Amino acid sequence: MKAALVRNSSEYAETIPYYVELEVLTRTVDAGSVFRIPVGVVYQGGGKRFTIDVCGFQRQSDKPAELPKIAGYLVNSLVHLARLPSYVFIARRAGEIYPVYTIDNEVFATTPGGPIFKHVELAKVREYLGDYLNTIGILGENGVSDRLHVRGVNLQTLGLRRPVFYLKKRVVGQTDFWAPVFEAGDGQSVYTYAASARREAPVAGGQEVLALQAVVAEALMADGRLADPHDLRPDRLFPDYWKRLETTLTPQGSTAVNRFTLPLYSSPDVWVGLEPRPEEERYSLFIGEDAQAVVERAAADFARRGYAVASELVMA
Amino acid sequence: MFKFDKKRWIRVLLVGMSMGLLMVFSSSAMAQEETAVTTDQIVIQIDTIWLFIGAFLVFWMQAGFAMVESGFSRSKNAANLLMKNLMDFCMGTLLFFAIGFGLMYGTSAGGFIGTTNFFLSELDPGAIDPYSWVDFLFQLMFAAASATIVSGAVAERLKFKSYLVYSVVMTAFIYPISGHWHWGGGWLFNLGFIDFAGSTIVHAVGGFAALAAAWVLGPRIGKFNKDGSSNVIPGHSLTLAALGVFILWMGWFGFNSGSTLSGMNPGIAYIAVTTTLAAAASTTSALLVNWFKAGHPSTEMALNGSLAGLVAITAGAANVTPTGAILIGFIAGGVLVYGLDLIERVLKVDDPVGAVAVHGLNGMWGTIAVGLFAAPSVGLLTGMGEISGLLYGGGFAQLGVQVLGTVVIAAWAFVTMGALFYIMKVTMGIRVSPKEELEGLDISEHFTSSYPEFGPAAADVVTITSGD
Numbered sequence: 001m002k003a004a005l006v007r008n009s010s011e012y013a014e015t016i017p018y019y020v021e022l023e024v025l026t027r028t029v030d031a032g033s034v035f036r037i038p039v040g041v042v043y044q045g046g047g048k049r050f051t052i053d054v055c056g057f058q059r060q061s062d063k064p065a066e067l068p069k070i071a072g073y074l075v076n077s078l079v080h081l082a083r084l085p086s087y088v089f090i091a092r093r094a095g096e097i098y099p100v101y102t103i104d105n106e107v108f109a110t111t112p113g114g115p116i117f118k119h120v121e122l123a124k125v126r127e128y129l130g131d132y133l134n135t136i137g138i139l140g141e142n143g144v145s146d147r148l149h150v151r152g153v154n155l156q157t158l159g160l161r162r163p164v165f166y167l168k169k170r171v172v173g174q175t176d177f178w179a180p181v182f183e184a185g186d187g188q189s190v191y192t193y194a195a196s197a198r199r200e201a202p203v204a205g206g207q208e209v210l211a212l213q214a215v216v217a218e219a220l221m222a223d224g225r226l227a228d229p230h231d232l233r234p235d236r237l238f239p240d241y242w243k244r245l246e247t248t249l250t251p252q253g254s255t256a257v258n259r260f261t262l263p264l265y266s267s268p269d270v271w272v273g274l275e276p277r278p279e280e281e282r283y284s285l286f287i288g289e290d291a292q293a294v295v296e297r298a299a300a301d302f303a304r305r306g307y308a309v310a311s312e313l314v315m316a
Numbered sequence: 001m002f003k004f005d006k007k008r009w010i011r012v013l014l015v016g017m018s019m020g021l022l023m024v025f026s027s028s029a030m031a032q033e034e035t036a037v038t039t040d041q042i043v044i045q046i047d048t049i050w051l052f053i054g055a056f057l058v059f060w061m062q063a064g065f066a067m068v069e070s071g072f073s074r075s076k077n078a079a080n081l082l083m084k085n086l087m088d089f090c091m092g093t094l095l096f097f098a099i100g101f102g103l104m105y106g107t108s109a110g111g112f113i114g115t116t117n118f119f120l121s122e123l124d125p126g127a128i129d130p131y132s133w134v135d136f137l138f139q140l141m142f143a144a145a146s147a148t149i150v151s152g153a154v155a156e157r158l159k160f161k162s163y164l165v166y167s168v169v170m171t172a173f174i175y176p177i178s179g180h181w182h183w184g185g186g187w188l189f190n191l192g193f194i195d196f197a198g199s200t201i202v203h204a205v206g207g208f209a210a211l212a213a214a215w216v217l218g219p220r221i222g223k224f225n226k227d228g229s230s231n232v233i234p235g236h237s238l239t240l241a242a243l244g245v246f247i248l249w250m251g252w253f254g255f256n257s258g259s260t261l262s263g264m265n266p267g268i269a270y271i272a273v274t275t276t277l278a279a280a281a282s283t284t285s286a287l288l289v290n291w292f293k294a295g296h297p298s299t300e301m302a303l304n305g306s307l308a309g310l311v312a313i314t315a316g317a318a319n320v321t322p323t324g325a326i327l328i329g330f331i332a333g334g335v336l337v338y339g340l341d342l343i344e345r346v347l348k349v350d351d352p353v354g355a356v357a358v359h360g361l362n363g364m365w366g367t368i369a370v371g372l373f374a375a376p377s378v379g380l381l382t383g384m385g386e387i388s389g390l391l392y393g394g395g396f397a398q399l400g401v402q403v404l405g406t407v408v409i410a411a412w413a414f415v416t417m418g419a420l421f422y423i424m425k426v427t428m429g430i431r432v433s434p435k436e437e438l439e440g441l442d443i444s445e446h447f448t449s450s451y452p453e454f455g456p457a458a459a460d461v462v463t464i465t466s467g468d
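As they're listed, the protein sequences go chains A and B.
Its first residue numbered 1, the first sequence is counted upward by one per residue in this note's numbering.
Its first residue numbered 1, the second sequence is counted upward by one per residue in this note's numbering.
One or more hints might be untrue.
Below, in silico cross-link-like pairs of lysine-lysine (DSS-like), each with a Cα-Cα straight-line distance of 27 Å or less [what the hints assert, rightly or not]:
#1 K226/B <-> K348/B
#2 K63/A <-> K48/A
#3 K168/A <-> K243/A
#4 K226/B <-> K118/A
#5 K348/B <-> K118/A
#6 K168/A <-> K226/B
#7 K118/A <-> K293/B
Everything labelled a hint here was simulated from the structure, so no lab data went into it.
Being a predicted model, the structure only gives us computed values, none of them experimental.
Okay, chain A solo, but in the shape it has when bound (with noise of 0.2 Å):
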């Protein structure tokens, strides 16, 4: 392994005044060879420190040219069957990453000294290693404590990336789905796993969205877990993603569930109702073939997460 410490001469240079550089020969089989990490400058005390992140796991230190000797170390403990994580799991408030290998079409979540959770859908080993947690005490008390966060893994920089979606599906008395959707490395693409397999849309200004859905919809429903190709909604989709799938469907004014307005949208295919998240500034749809179906959808939706919903849904 060669590691080695370059100096940024771009104009981030304040921010990130280096990279490590780290060529990983004969190591790992899925990445590329050589990482790019960027140096970070964070101020403490009045004093300067550097601190790199390699797939979430932080190290500091006084003099920049420690960090690439710290970040080989970190490379070398984090390499498994010869491969790099490809997501992580964050138990934030426990302080714990558990890294996430893929090899075929399945995921793999190591712990140390204990099982190995593997399945085809990152959505069941998170649900299998949460089970685990909670048991061992590392997450508290199921469903009400701190819960598990997915993070896919730059194989350019080693840093982490949040997905830019989910793909959800809550209905009562079925099987659950979940699984978050990432950019793909070149930015061409956006991608998940479902029913066994990657599934993939192009980029194309907003409406990869609704592409996805749709693809792993068609997935699912031939898998048997999804009986209505729309129970299947696009979660908490990032604010520029919703704004660019925005300038793609046509506004229909907005629909009243109780006490929640949703703004609707259709598009050639279906119909889209928009619930904000303030509180995480994200954005879920709800769709259906019409209005009505997005408001039902919706109304059994927020009926399931415990909101009082009026009997008769009104459209504003």
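Chain B: place on chain A using the hints.
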């Protein structure tokens, strides 16, 4: 002044030693001239040496079990498993000497239980009877082998003291009593039951005791998900596990060929051949069946496949043809693969090393297989008698006895051991606390570490950098 001459003193020492050896050998030669060695004495001595070799090989299997079980378990529990394999042998030795051997081979009371020879009271150290002593040693090794099967199934969560209690009861009572029914000349022997070296007597007893123990004990933390699916909890060293399998395979030559109890038996090499053929066939079939089922050739499955074949052939090694041995082995591989599924996915029992499928189910299969594959010509060669299985024109009679014997003995082990573990559970407790289970039994039970020079991974200590 005295001067020490090293060379001179060495010469004196060598001359003295030579004279001494000469005197010893001449007196020995004179004694031999006085007492002619009879053919019977030579035969006894050959049999004794043969059984010694067998006993040593079976003893060596204890090391094999230790390696397999520790290899298939996590590193934080390795020392605990080594201790269990050591201590069940030691406790077993004392208890089998005091009680077990008498219950198994003492004078029979109604064909159900031995009643004499406790503490080897019928053996006279002054008598020139080396065979009786080595016979005890050989049988002791089998008792220990049966007991140690359970340690793998209860690995990583059973309290050490509970395991010691179990070892005492197993080697003192459970194994010897059912063993008496056949090898002690009891009721199964009289029915014509055949279990040459112990597919049922040793392995199914251990396997079904393991099933009862693992069932009462419950699964390891994290083994099963809420939806009933199971997770892999990988062992720490397939290298150790593979070494253990090779040791066991080697030991099995003593287990099976040694069970002729005589080096003069013309079938000893034949039995070694059937033993190896079955093991090779079972390894191959376990690999292939699992490959077909799971899509990859599993190392763990192949290793357990070897043991499954060895267990299965143990009952019929002296009764079946080489072809029969291969068929028994091939089926044993399938029994293993689907047996593991049955135990884990249907019964939801956590058996970290696969002891129940390897020893319990294949012990039963191998014993029943004698009723199918026993060939009269082989029985004549090995001294087992002219026994014919169903496929050799013997009808269903032998098959029926085989089924009866193996079911009754398996049930005996399961029920008695289930009761024992349940009683221990509600009295002294059998399971370590969740905290102890997580930190590993090496430190919580033995205050040691099998691999002290391996530090924790850097990834254990982290700072979260990314908010939501």
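**Item:** Hints the structure fails to honour
**Value:** none
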